[in-house]
Amino acid sequence: MTKGPLRRRTPPAPVPTSWLDYIEDHCVRVAIPKGPRFQVDVPDCTPQTKEETLKNYDADSLRYLGTKVWEPKNSSQVDKNEKELDMDAIGKGRPDICSCGIPGSVQCTELHLKDKRTKLQCELGPAFWKWKLNEMGEEVSKLWKSGEQKAFESIVKANLVSQGKSFLEPAVKSLHSQTQQSIVNYYFNVYLLRRMSLQIRSGCKTVDTDDEGPEESPRSKSSRKRCQADISTSDSSPIVKNRYLTGRR
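Numbered per our numbering, the sequence shown spans residues 1 to 249.
Read the hints as simulated data drawn from the structure, not as lab findings. It is possible that some hints are incorrect.
As the list claims (entries may be wrong) - For lysine to any residue, the following SDA-like pairs were computed, each having C-alpha atoms within a straight-line distance of at most 25 Å:
(1) K130 <-> T67
(2) K116 <-> E139
(3) K114 <-> A127
(4) K173 <-> C122
(5) K68 <-> C122
(6) K114 <-> I200
(7) K119 <-> K132
(8) K114 <-> I102
Model the full assembly from the supplied sequences, consistent with the hints where possible.
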């Protein structure tokens, strides 16, 4: 059986198209269905409550949605007299000269801190406690008894961080009425700030936040010599800054 000669397939003839049909778009447009069967049924917009709105979000999105706790006053609603008293320039601070008997003293500083704290509390209202601003600063010491504060100071000096020790575990075991969180809060808000203020008032030019041993307290001989050296160095410089917290007049 012999095979006949193979025939070559001829390509189909190209469909004549006008290049004007594709001058604007490179792709053929998809037909968009129209008519009543292809219309979207949009329900009426009804206001939802806060609980119903939160149900529409998943758990991951709810983490980033907060609740407004405090809303600043509108500048148009602030009384002119109140605006003149409260609108202080940011970063300006209080003036160097005040009406206190001894400006720059411990009592002067505490008085101005108390005034600013009371002013902030009145302005924020309930948000002051929701943001736990009442657990910041020297106010934390009011939650501790005098004996507990002395015991904590002894524990910190006996377990210096610079020596690779930790005061947290001994403090938790010794101070039964205080939790680990309250101890850490007291350390950063009260203990460290008191030690720094003591160094400043003793005349030290450089404030060291690292822990010191009992033999090297700010009142020790070595510290007093270091503070005197800082004072003499600063006095010899052409630019002498006022030392408000030294207590020396």
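Q | In rising order, the numbers of the hints this structure does not comply with | A | Result: hint 4 breaks, nothing else.
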